[in-house]
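J.: These are the residues of each chain, in order.
Protein chains: 4
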Amino acid sequence: MKLPDIQAHHPDIQINLTRVGVTNVKKLVQVARKDKRPYIFISNFDLFVDLPENIKGANLSRNFEAMDEVLEEAIDSPVYVMEDLCSEVAKRLLERHEYASRAEVVMRSEYIVKRRAPKSNIQCQSSVDIFADAVAFRDAKKKSLKMIGAELVGITACPCAQEIMREHAMEELEKLKVPDDVIDKFLSKVPMATHNQRGRGFISIEVHDDYIAPLDKIIKIIEESMSSNIYEVLKRSDEAYIVERAHSNPKFVEDCVRTMAKEVVKEFDNLPDDSMVTIKQLNEESIHQHNAFAERVATLGELREELKRAVNGEV
Amino acid sequence: MKLPDIQAHHPDIQINLTRVGVTNVKKLVQVARKDKRPYIFISNFDLFVDLPENIKGANLSRNFEAMDEVLEEAIDSPVYVMEDLCSEVAKRLLERHEYASRAEVVMRSEYIVKRRAPKSNIQCQSSVDIFADAVAFRDAKKKSLKMIGAELVGITACPCAQEIMREHAMEELEKLKVPDDVIDKFLSKVPMATHNQRGRGFISIEVHDDYIAPLDKIIKIIEESMSSNIYEVLKRSDEAYIVERAHSNPKFVEDCVRTMAKEVVKEFDNLPDDSMVTIKQLNEESIHQHNAFAERVATLGELREELKRAVNGEV
Amino acid sequence: MKLPDIQAHHPDIQINLTRVGVTNVKKLVQVARKDKRPYIFISNFDLFVDLPENIKGANLSRNFEAMDEVLEEAIDSPVYVMEDLCSEVAKRLLERHEYASRAEVVMRSEYIVKRRAPKSNIQCQSSVDIFADAVAFRDAKKKSLKMIGAELVGITACPCAQEIMREHAMEELEKLKVPDDVIDKFLSKVPMATHNQRGRGFISIEVHDDYIAPLDKIIKIIEESMSSNIYEVLKRSDEAYIVERAHSNPKFVEDCVRTMAKEVVKEFDNLPDDSMVTIKQLNEESIHQHNAFAERVATLGELREELKRAVNGEV
Amino acid sequence: MKLPDIQAHHPDIQINLTRVGVTNVKKLVQVARKDKRPYIFISNFDLFVDLPENIKGANLSRNFEAMDEVLEEAIDSPVYVMEDLCSEVAKRLLERHEYASRAEVVMRSEYIVKRRAPKSNIQCQSSVDIFADAVAFRDAKKKSLKMIGAELVGITACPCAQEIMREHAMEELEKLKVPDDVIDKFLSKVPMATHNQRGRGFISIEVHDDYIAPLDKIIKIIEESMSSNIYEVLKRSDEAYIVERAHSNPKFVEDCVRTMAKEVVKEFDNLPDDSMVTIKQLNEESIHQHNAFAERVATLGELREELKRAVNGEV
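Chains as they are written, first to last, in the numbering used here: chain A, 1 to 315; chain B, 1 to 315; chain C, 1 to 315; chain D, 1 to 315.
Hints are computed from structural coordinates only; laboratory data are not their basis.
Heads up, some of the hints might be wrong.
If chains are identical, the list can't say which one is meant, so a pair holds when it fits in one copy or spans any two.
What the hints assert, rightly or not - Mimicking DSS-like on lysine-lysine, the simulated pairs with C-alpha atoms at most 30 Å apart in a straight line are:
id	residue 1	residue 2
1	Lys235	Lys175
2	Lys26	Lys220
3	Lys142	Lys266
4	Lys91	Lys119
5	Lys235	Lys91
6	Lys26	Lys235
7	Lys26	Lys119
8	Lys143	Lys217
9	Lys119	Lys308
10	Lys91	Lys36
11	Lys175	Lys119
If we strip away everything but chain A, and leave its shape as in the complex, we get (with noise of 0.2 Å):
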């Protein structure tokens, strides 16, 4: 029996559909690495491609086909990192949807990283939640676009409320008639309490397809934008160190971005002033149940120029 085949039809609503695929595809993801053991994970997909006016249904299982055929190659292949896996599979989508213009491929995923605490040298692994999103064109003339993104927690200090808690220990100094210069010394020492809390960095980066944003470098950034990177595994030193740093390094939402924004300028320096940039912080606040949120959405271009103007003092 030939079966019938719905999806090539013609549409009763002829309207051009910007997506249509599937969402929630759960994968076992195997990278080879250089002289290591291959990395595999667990990896959630999306599949798209657009869909012209006059055809009724997209065939999705060759979304499966397209993908299958691309994770298989790269358990033996040394070459890929994830967004370029992205990258393969849109454009095998392209060929296998022959109507179709356009093809996106989302990738989430938990990325553990290994870590050692500041003081006891212990090993700890911290996880990260990374993304990536990738669009082929069929028109030669458009170029293939890449995300690379990735979130991680860490702790921040809030500057405002510590500055109160200082004027409050100098006040209370003054007052049991410490000299001046010995108060000074020691809030310089000794940092003040305030509320700190975990917030979560986000930084990604959309390039032309001949371009790489390596995934480490963005995590490094955000890791040390925050009052402190933070460890699963803390011995009493340890935790000291880190609560000292936290409150030695006070940061709003707002310092946060703008600490990822420069470093994310100086080093990616090879990647062309068209590339979009999207810097997000959420401070999930230990004094409020609401968050406190900063973003920056910007080409990589216009925040190399505001540095710029502000380095010239023209702001």
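Got chain A; can you put chains B, C and D on it based on the hints?
T.: Coordinates of chains B, C and D only, in the frame set by chain A:
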């Protein structure tokens, strides 16, 4: 003691921020209704302003003052619909954050609608997820924008599997020597089996401040664009009715989006061409772990144009 | 046409079922209140009965009839508190499911409480997650049970890291030749820094039908058992007050649970010894990705006994 | 500087704690497998000990030492299955927390299983949620317990609505004068439509340490107890096969639980009568927003008894 105001300081890194604010703020909202008891619900707000490069931090507690002021007024005023509430808060945010050029207010809520089962006429309640997003600008030449949207659940039955089951039924009836015209009559009366599942339809419409896109119309369009709407209470006769209706009206995700697009064009003929429309359908496939998805993002003008060309046979 | 009733059939596999029913039912609940406008909220229900081995299926639409009947009555009656509402529905489930020997109704809801910031006296709203669970038995000798519970967010400051920071401050002050008595006075006035974070406190109490465990008391105990309660709107003076209070009152998860246990014993002296108490604290550690957790599950009698022995110095 | 150890202090409120520990710890787990590449996955752990009334705080970093030690050993050892990994960590927790009398380790993970589509034989991957929970006691007379469980998604088709559709088909065929025996033959070959949906089956089995309840057996039982198992990739012929199979095997939530119970009794005949079994089925009804649910919690002995009585006709 005068408390220090760190937020007003000059930041070390002078970079503009696109959005700074608070997210996941829960408030009890009370909206007056004509001739009815007021509608009260818990709503979830995000409130943002932009921040120029020369200011360290936005004063986030002002967001609450702006919001509370408007929510208080809304209790006694019959004029507010949900998206106007957001628009009004966005305007007050600009008044309070004198450095901001843009303010945005996002609102998410659960909304209960009453329905009657199709045969037994029993009353029941359905829940709908509703969204609003308003943006106000300081620059008088930029018009305020407001978005209103809803997502709800219905049933979708797959046309492709049904066609195969139909051919199977036909073959079996032929083998049993049932005459062709009887087979045709039978199959036109009794829809064959297929996989069916929860589908989630979504529509959002973004318009300039002086236009209105009523939420009830949006909800109605979504409900009527799947194979059938669904109910929380169904007597046996209702259940049979829904199953039969859904199977007589099988739909792909693509079909649902196109039906919604056509109905949006028809129902919102008063809205201008530059209104932005986003339409999505996600089917929680009963034969897969993953979901099927379709989406159209377009201006109302583009949708109108496509439908007109289709009617004129130009596709 | 008389519709077939498959549920009433004899099942192929004759095994008793502990609970059969519906989950995630959303209903608008309206509860009358003395001298106040009625309180209206969307609540989430699960409704179950047990099913004997000789019946194939429970008729689930009866669950809705029982629930709707009670919710309708509640609108006009000032008598219902949340857990009594569940108890009443559970009793009606037994009436409608003649084969059942046990019925259970679970309710989850968000609840808004009004609070005033400690210094500025500004009014704001906090949200609390509330739970109720009622079980009714056909056997008259088995007493109905009802559970009421709440979970809410506050701030917890770590005593361990604070002690280290305190010793660090002491050392620095000693190096600066500040006299010991001045150091002591200063450190008794100004609490030193530590990591602090959102903590989630939870208490549930299960009693026989004739007893009442008021929700407001439960919420108050949770709020007051962390390092400080928190608020959605804080002026600078409030923020300083909360930070100082939390740091003057550092608490481990263990301390929070023990404080709650002590207060439950004190506040619920009218409840019998066999009331089941569950107390939990979860801290979303700002220096880790993981959470710290503590829990006590005990009868009120056991808690009373332990506290008495401690007072008598028998531990 | 010797750092202070606040945790070892005497608490102000002397109350025992049932469980103290850490939750949501993410670790990369690598388990050796006979004749295969090691299986690597990110797992989520909760680790607890009890805490006597006279100790202020548990030293939570010891939990990580115990866990890391076992995970390190597991890499090179072919002996560990998931629940034994948890058992071993629980034992090490007791060694490190000398004050504890009970330790518990909970593990949750996503697990990928490979399947072949029923007709096309295409290979695809399904994801399964797996759970383990191990409890160890210091008291040698109390046997350690370990629980292993899994949850996975399949399709369930409703018998009740299908029976109505079947009677409807019968009536239509009768009206068309089709002879009764032809109608019977047709309806025995072609299953009629009904609503069907994603169902989630769950089984957990708790046994003493010396017994084993293989995860693969549990997964297989769940898969085969719904109307049909499902696949991530289906060619048109597979899709027709699944739809037909599911509609030829309609099942209520109650039926799924009873089928699982029967199979558990059959497949785990080596386990003792006091093994605790929890079986659940949740259907994400396609004609409702709410879910249908059934559950059985019993010892294996109770299930065996009930099935024996049914076979003997004693029910």
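J.: All hints, please: hold or fail.
T.: Hint check:
When the C-alpha separation of Lys235 and Lys175 is checked against a cutoff of 30 Å, the pair qualifies only between copies, where the shortest distance is 26 Å, while the shortest distance within a copy is 37 Å. Within a single copy, Lys26 and Lys220 get their C-alpha atoms as close as 27 Å, and across copies as close as 20 Å, so both meet the 30 Å cut-off. Within a single copy, Lys142 and Lys266 get their C-alpha atoms as close as 28 Å, which meets the 30 Å cut-off; across copies the closest is 34 Å, which misses it. Taking the closest pair of Cα atoms, Lys91 and Lys119 come within 30 Å of each other only across two copies (29 Å); inside a single copy the shortest separation is 48 Å, beyond that limit.
In this homomeric assembly, Lys235 and Lys91 come within 30 Å of each other (Cα to Cα) only across copies, at 22 Å, whereas the closest approach inside a single copy is 49 Å. Proximity of Lys26 and Lys235 under a CA criterion of 30 Å is satisfied inter-copy only: 18 Å between copies versus 37 Å inside one chain copy. Taking CA atoms no more than 30 Å apart as the test, Lys26 paired with Lys119 passes between copies only; the shortest distance there is 22 Å, against 39 Å inside one copy. Only within a single protomer do Lys143 and Lys217 lie at most 30 Å apart by alpha-carbon distance; the minimum there is 24 Å, versus 40 Å between protomers.
Neither within a single protomer nor between protomers do Lys119 and Lys308 lie at most 30 Å apart by alpha-carbon distance, with minima of 38 Å and 44 Å respectively. In this assembly of identical chains, Lys91 and Lys36 lie within 30 Å of each other by CA distance solely inside one copy; the values are 28 Å within and 33 Å between copies. Taking the shortest Cα distances, Lys175 and Lys119 sit within 30 Å of each other only across copies (24 Å), while inside one copy they are farther apart (37 Å).
Checked against the numbered hints above, the structure breaks only hint 9 and satisfies the rest.
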